[in-house]
Amino acid sequence: MIKSNFKSLCLVIGLLMIAVPVSTAQDQVEIPSWELGWETDMDGTHELQLSGDDDILDTVEFFVENQRMSELNLKITLTWDESEDIPIELDYDESITVASSENLTFEIEFSDVSGYSFERSPDESMTLLLLAEEVSFDQTVSSQEIDAEVTVPAVYDLTIDHLSMNEVLYAGSSVEYGLTVTNNGNGKDVIKMPEASIKSCPSLSIEGLEAIKDTEIQNSTIKDFVIRI
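Quick note, my numbering runs 2 ahead of the 1-based positions in the sequence shown.
No lab work stands behind these hints: they were computed from the structure. The structure presented is a predicted model; accordingly, all values stated were derived computationally and were not measured. All C-beta atoms, glycine included, are put in the ideal place defined by N, C-alpha and C. Keep in mind that a hint or two might mislead.
[As the list claims (entries may be wrong)] Below, in silico cross-link-like pairs of lysine-lysine (PhoX-like), each with a Cα-Cα straight-line distance of 20 angstroms or less:
1. K225 to K201
2. K215 to K190
3. K201 to K190
4. K190 to K225
5. K194 to K215
[Unchecked claim] Estimated spans, in silico, between C-beta atoms of each pair:
6. R70 to K190: 46 to 54 angstroms
7. E109 to T161: 52 to 60 angstroms
8. T107 to D83: 19 to 27 angstroms
9. D125 to T61: 17 to 25 angstroms
Start from the sequences, fold in the hints, and give me the full structure.
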């Protein structure tokens, strides 16, 4: 009876010793991963840059690190996670290849010449989704996705016009002069320190500018003012 138990114990120990190297071998052949991330600092909200007065032109970068011993082929897709149509164009490489043990950086160019920066509020962010899919024989093997919050920059554009009817100003008299200020920017603006000057007539004075000072004007709205000369 004792010999039988001893044989059973030896058999169990032998099986355990055989199982240990098999488990270790499986860990050793595990395929290294690849990583997708932003090279540009996209923490918080990224404000797009303007080229000139109103055209959007900006570039951000993302990286792909391939830790495998073979090259990595990825299909890149960029979309706006918004219900509305966003006219900002995205220029990027739709197919990329990263060699083994390599870390490469790729660019995304934002551009718009439609004046969208004037239409959208800088307080309303847009979510950009970047999807990278590993493709083998037209099949997706693995994928990773990153996103970023993007906004248009604040655009300030106040224009002033007059409502004068070519009034005649006689000596010792005064006339009212109508002004119209339009906010063509994409956010609220404030009139600060309004100034006026009259050429070749140093004896004339202008009243009513103080009432204009610190006036807030919402975007796409008009304010009318009256000054006295």
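Each hint, compared with the structure:
A distance of roughly 26 angstroms separates the Cα atoms of K225 and K201; the hinted pair therefore is violated under the 20 angstroms criterion. Proposed proximity of K215 and K190 is supported: the alpha carbons are some 15 angstroms apart, at most 20 angstroms. Only pairs whose Cα atoms come within 20 angstroms are accepted, and K201 paired with K190 is rejected, the gap being roughly 32 angstroms. Annotation: proposed proximity of K190 to K225 holds, straight-line Cα distance about 13 angstroms (limit 20 angstroms).
For the proposed pair K194 and K215, the alpha carbon gap of about 6 angstroms is at most 20 angstroms, so the pair holds. Range check, R70 to K190: Cβ separation about 52 angstroms, and the 46 to 54 angstroms hint holds. At about 36 angstroms, the CB distance of E109 to T161 disagrees with the hint of 52 to 60 angstroms. As the Cβ distance of T107 to D83 is approximately 24 angstroms, the hint placing it in 19 to 27 angstroms holds.
The beta-carbon spacing between D125 and T61, approximately 24 angstroms, falls within the hinted interval of 17 to 25 angstroms.
Checked against the numbered hints above, the structure breaks hints 1, 3, 7 and satisfies the rest.
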